[in-house]
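*Asks:* If you follow the hints, you should be able to join the two separate chains into one complex; please do so.
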Amino acid sequence: MNLMGFDAALPVIFMALMGVSMLVYVVSDGYDLGVGMLMHRATDAEKDVMVASIGPFWDANETWLVLGVGILLVAFPKAHGLVLGELYLPVALMLVGLTLRGVAFDFRVKARDTHKKTWDRLFFAGSMLASVSQGWMLGRYVSGFGTGWNYTLFAAAIAAALPMAYVLMGAAWLIMKTEGALQERAVQWARTAWAPMIGGLVLISMATPWVSATVRERWFALPEIIALSAIPLMSGVALLAVAGLLRTRAVRGPLCWLPFALLIVVFVLGFLGLAYSIYPYVVIDQLTIWQAASSPAALKVIGIGACISVPAIAGYTVFSYRVFRGKTGELTYA
Amino acid sequence: MDALILARMQFAANITFHILFPTISIALAWVLLFFRLRWRRASQRGDAARAQGWLDAYRFWTKVFALSFALGVVSGITMSFQFGTNWPGFMEKVGNIAGPLLGYEVLTAFFLEAGFLGVMLFGHGKVGERVHLMSTFLVAFGTTLSAFWILALNSWMQTPAGHEIVGGEYHVRSWLAVIFNPSFPYRFAHMLLASALTCAFLLTGLSAWQVLRGVGRRSAAPVMRTGLTLAAVLIPVQIFVGDMHGLNTLKHQPAKIAAMEGVWNTERGVPLLLFAIPDAKERRNHYEIAVPKLASLILTHEADGEIRGLNDFPDAHPPPLPMFFAFRIMVGVGVLMLAVSWLGCWMLRRAKWQPQQLPRLLLWGFAAMTFSGWVATVAGWYVTEIGRQPFIVYGLVRTADVVSAVPSPMIGLTLALYVTLYLALIVAYVTVLKYMAEKPDAVLATEAGAITARIAKGGAA
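For the record, the sequence lines run as chains C and W.
Here the first sequence stands for residues 6 to 339, numbered as in our numbering.
Here the second sequence stands for residues 1462 to 1922, numbered as in our numbering.
Bear in mind the hints are in silico, worked out from the structure with no lab data behind them.
For each residue, glycine too, the CB sits at the ideal point set by N, CA and C.
Check before you lean on any hint, since a few could be wrong.
Stated by the list, open to error - Label-pair ranges, simulated between beta-carbon atoms:
id	chain 1	residue 1	chain 2	residue 2	range
1	C	F11	W	D1704	48 to 54 Å
2	C	G249	W	K1587	31 to 37 Å
3	C	R46	W	L1878	25 to 31 Å
4	W	T1727	C	V315	48 to 54 Å
5	W	G1507	C	R257	44 to 50 Å
With the rest of the complex left out, here is chain W (with noise of 0.2 Å):
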C-alpha cells in the first residue's frame, strides 16, 4: 500500500479513538456539575435518601469521567505528534491559520482542564466547596472551550474562510472570518449535541445494566431519568441542526453531498436511495432502493430541486461508498434514539420514574443501547472527513500533496502497533465500566470515611 494510503489509515485510527472519549467527557463534566448541584439541593432542603443518591451519582460518574479524560489525554497528545509525523505540509502550507487555532487549544482549554482536573478529582475535601464546584465549572468549560477551538479549525479545514493566499502562503485576513466560518456554527452545535446524546445514552444504558443486575438502587433512578430526559429533549434538537448542517454541506461542498446521497448525474428531482451499492469504478449503483424526489425534496425543499452529480467534480470528489454508508449509520441510529428515547421517558414517566418497574426487555434495550452514541458519532465523522478528500484543505490543499516522505513499511509497522493498543484499549475501558457498573459499592467503598467525615464538618453547606 503507498504511504498516503497508511498515513491516512494511520491518522484515521487515531482520530477514532480519540474522539470516543472527549464525546464522553465533553458532557460528562457539565453532568457532573449538575449532579453536585442537584446534591447540594436535596442536602440543604434535608432529603437525606435523595441527596445520597445524587452524591453516589456524582461520585461514580466523575470516575467514569477521570477514565474517559485520561484516554481522551493520552490520545490527543498522540495526535498533536501526528499532525508533524503524518502531514508535515499541512503547518508548512497552513500553519499561519491552524498554527495559532491549536496554539489556543492548547493554551486556553487544554491547561485549563488539565490543572483543574487533579482539584476536580482528588481535592474535594482540600479546598472549600466553592473552590471545588469552581474547579468543576473550569474542567466542564476547558472541555468545552476546547471543542471550540479544535471544531474551528477543522470547520475552516472543510470551509476556508478569511485567508488571502500571498506568494503561495497562506495568510489571515481576518480571524473572526477564519474562525467563524460557514460550516462552523452548524459543526459546533452538531458536535456538543452529539457529545450530550452519547452521554445521555451511556448513563441510560449504565443504569439500565445496573437495574438489570440488581444492583446501585440509590443511584440508578436518578441517572437513568437524567439520562433518559437529556436523549428525549435533545435528539429532536439535534435532527433539526443535523439538517441545517447537510443544508449548509450543500451549499458550500456539493461533492460531499452527492457522495452521501450516491448521486451520479445532475439532475432534478433525485430520489432518495434507502440502500444501494456505489461503485467508484463503473460510476454508477448497485441494488438501489428508492424513493422518488425525496432526496430533492429534503435537501432543497422543492421536489424538482437540482442536486449537482458526482461527475460534475472530476477527480476531486470523495469516494461515495464508504460515505454513503456511514452517513446512513449515523441517520438510522439517530432515529433509533429517537424510537429509543421517547418510549423510554414515557415509560418511566408512568412507572413514577422508578426502574425496576420497567419491563426487562426495555431495559435490555436501553443496556444495548449504552454505546450507540459512539457509533453515530464515529459514523458521522467519517462522512464528515472522508467527504472532504481528496483534499485536507477543501478546494486548496489536496491530502496527497502534504504527506510525509516516511517509508510506508514504517507507516505500516506503527500503525499496527496503534491499532493494537487502541483495541485492547477500548476492551478494557468497556469491560472495567461494566465491571464499575456491576460492583458500584466496592469503587465507591474506599472514600466512604473520607465523605461521611467531611460532611460531619457541615461539607454539603
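The following block holds chain C by itself, in its conformation from the complex (with noise of 0.2 Å):
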C-alpha cells in the first residue's frame, strides 16, 4: 500500500463512513437509550418529559444504525457475514430489545390509560436488553471474537459498562433538556452513573491490551505511546470536568449543555482510540478492510450518493435539532 491509488483508498473512505455511522449512532440512540433506562425512576409526569425530550429525535437515530450496517453489508460483504454470524444472538437479542423500545414510544401514548404502565416498563426493559446486547457486541468484536474464560469476562465487563455510559449520557441531555425538578433529578442521576462508567473506562481501557496482542503492540510502542496519550488524557479531563460541573450551579442554568457536549467529546476520543486499535482490519487479526471489501465499482456508485446525501442529511438532521431546540414542552402530535 505505498503508492495508495483512489481505488485502494475507497475501503478506507467507506471504512471512516462506516465508523462515523457508528459513533453518530452511538452518542445519539447512546442518550435514547440512557433515557429510556432511567425512566423507572421517574414518576409518570415526568416519563411524559422524558419521552417527549427524544421523541422528534430517535427515529432518525436509529436510522444511522441502519446506514452503519448498511456500509458493513454493502461495502464489506464479507465482513458483514462473519460479524453478524459470530454475534447472532446478542443482535436478535438487541433487535428485540430496539424493536420492543422502538414501539414503546408510539404505544405508551395510545393505548388505554391501564395499559401505559406495561409499555412503560417496556421501554425500559427494551432499553436495557439494547445497550447491554450493545456492550456484549462491542467487548466481541473488539477483542477479534477470541475464544476463552477471559474473552467472555471482557465482554461481560463491557456488556454492563456501556449501558452505564448510556445512562450518564442520557441524563446529561435530560439535563439539557429539561427544568426544575425533573432536572435536579437529572443531576443525581448523572452523578451516580458517573462513578461506574469511570469503572467501566479504566477497568476496559486496561484489559483491551490484556486480550488483544495486537491492540498492545499498538499502543505500548515508542514514541506513539506519548502522542496516544494524550487520548486518555483528554478523556479524563472532559469526565472530571463533568464531575465538577455536576456539583455546580451553573449546570442547572446557563452551562446546562456543557455536561451533555463533553461526553460527546468523550464518546469521540473512544472512538478514535478504537479505530487506532482495530485499523486497517475491519475483524481484527483476521479481514482486513481491502480484503473484505466489495468491487472498487459498486463502492464508487454508493460513493456518489453517500458524497450528495450524508450532507443533505447532516443538514436536515441539525434542521430538526433546532426545530426541536431548547428544553422540552408537552409534546403534542400536531
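*Replies:* In C-alpha cells, the structure reads:
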C-alpha cells in the first residue's frame, strides 16, 4: 500500500464513513437508550417529559445504525457475514430490545391508560436489553471474537459498562433539555452513574491490551505512546470536568449543555482510540478492509450517492434539532 | 428441521411482519397530505364545520401513521441485520448489485422520512405552515422512494438484468437495466396500488366502526368517503395491473405461473382450476374443479394457448401447494374488494354521503374488511417470493447456496423469539387502533389547546 491509488483508498473512505455512522449512532441513540433506562426512576409526569425530549429524534438516530450496518453490508460483505454470524444471538436480542423500545414510544401514549404502565416497563426493558447487547457485541468485536474465559469476562464487563455510559449520556441530555425538579433529578442520576462509568472505562482501557496482542503492540510502543496518551488524558480531563460541573449551580442554568457536550468529546476520543487499535482490520487479526471490500465499481456508485446525500442528511438533522431546540415542553401531535 | 428451512421461515416471518406497516404508511402519508390540503381549503373558504372534520381526520390518522411507521422502522432495522445473519452468501455473491440499491434506499429514503417525521408529527406550530406542509410531503415522498429502491432490488432478484458475470462475481453492466429490469414497473405499480387499497379499506373500516359505535361524528363521513372512493377507483386499475404483472411473469418466470395454476404438464387449452390440492410427491392434483380452457385464455389470451408445466422445470420450480392457495386468496380478496367498494360507494352516494344512514349490515361488512388489504398483500407477496424458489436470484443463485452456517437450534430459538414478539405486536396494534377509533375524543383532546392557539394566530392560512 505504498502508492495508494483511489481504488485502494475507497475501502478506507467507506471504513471511515461506517465508523462515523456508528459513532453518531452510539452518541445519539446512546442518550435515547440512556433516557429509556432512567424511566423507571421517574414519576409518571416526568416520564412523559422524558419521552417527549427524545420523541422527535429517536427515529432518525436509529437510522444511523441502519446506515452503519448498511455500509458494512454493502461495502464489506465478507465482514458482514462474519461479524453478524459471530454475533448472531446478541444481535437478535438487541433487535428485540430496539423493537420493544421503538414501539413503546407510540403505544404508551395511544393505548388504554391501564396499559401505559406496561408499555413504560417495556420501554425500560427494551432500552436495557438493547444497551447490554450492544455492550456485549462491542466487547466481542474489539477482542476479535476470541474464545476463552478471559474473552467472555471482557465482553461481560463491557456489556455492563456501556449501559452505564448511556445512562450518563441520557442524564446529561435531560439536564440540557429539561428544567425544574426533573433537571435536578437528572443531575443526581448523572452523579450516580458517573463513578461506575469511570470504573468501567478504566477497566476496559486496561483489559483491552490484555486480551488483544495487536492492540498491545499498537499502543505500548515508543514514540506512539507519547502522542497517544493524549486520548486517555483528554478523556480524563473531560470526565473530571463533568463531575465538577455536576456540583455547580451553572449546570442547572446557562451551562446545562456542557456535560452533554463533554461526554460527546469522550465518546469521540474513545472512538478514535478504538479506530487506532483496529485499523486496517475490519475484523481484528482476521480480515483487513481491503480483503472484505466490494468491487471498486460498486463502492464508487455508493460513494457518489453518499457524497450527495450525507451532507443533505446532516443538513436536515441540524434543521430538526433546531426546530426542537431549547427545553422540552409537552410534546403534542399536531 | 434443517437450517435452510429455519432461516427461510425466520426471514419470512420478519418480512411478513414488516410489509404490513409500510403497506399502510406508504399510501397513508399521501392521504394525510390530502387531508391537510382539504382542511386548508375549507378553512380558507370559511367553512368551519367542514374544516373541523378534515382537521380531526388529519390529527387522528397522523397518530395511526406514527404508530404504523414506528412498527415499520423497527422491523425494517431487523431486516437490515437479517440479510447478513440469514443469507451471508447473498451479499458476497451479488453485493455489487444489491449493495448500492440498498445503500441508496437508506441514504435517500430512510433518512428523508426519519428526518422529517419528527417535524411532521410534532412540529406543527413550531415551524411555519409551509415548512410543515413540505415536511409532510417529504415524508410521503420518502416512503414512496423507499418502496422504489426496495422493489427495484426485489424485481432484480426475480428478473435479473443489466449484469455480467466475470470470474464468478456479479458486476453491473448498466444500472438503468438493473433498476428498470423487466418486472420492476409492474411490481412497483402493483405494490403502490396494494398500499393504496390497504389504506383505503383501513380508512373505510375504522370509520365504519366509529359510526357503529356512534363516535367520531365530524371525521367519519369525510374519511369513509375518501376511503371508499379511493378503493372503488383503484381496484379496477389494480386488477388490470395485476393481469399485466401476471403476463410479465409468464414471460420471465413460467415456473411460477405453472405453480400458481397447478399445471404439471405442458399443454394447450389449459383449464382454470377453481379448486385443487396440488401434490408435489405424486406430481398431480387432487379434487380438481376446473373451467375448461380458461387458464390458457387468461394467460395467453387464446383458448388453445400453450402453458408450460412444472415437469418442464425439474428441480427448479417452487412448491405448488402454497402458491396455488396464496394466489387464490389474493384474487378472492381482490374480487371481494371490488364488490364491497362499488356497492359501498353507490350506497353511500345514495345516502348523501352520510354514513350514519347506511344499513348496519353494510357498516359491519366494511369493518370486517378493515385489514383485508393485509391479507391480499401478504398472500400476493407469498406468491411472488415462494414463486422465486429454489432460487434467491431467479435462475442464477440458489437459496441453499447462500444460507448461513449458524446452527439450526440457534435459528430456531431466535425464530421463536421473533414470532412471539411479532404476534404480540400485531395484537397490540389492532387493539390500539380499535381503542383509538372508539375513543377519538380522548386521543385528540390532549392537543386541542395547542391547535386552538395556533388557529387563533391565523395558522390555518
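*Asks:* Compare the structure with each hint and give your call.
*Replies:* Hint check results:
no. : hint                         : in the structure
1   : C:F11 - W:D1704: 48 to 54 Å  : 49 Å, holds
2   : C:G249 - W:K1587: 31 to 37 Å : 35 Å, holds
3   : C:R46 - W:L1878: 25 to 31 Å  : 28 Å, holds
4   : W:T1727 - C:V315: 48 to 54 Å : 53 Å, holds
5   : W:G1507 - C:R257: 44 to 50 Å : 49 Å, holds
When the structure is compared with the earlier hints, no violation turns up for any of them.
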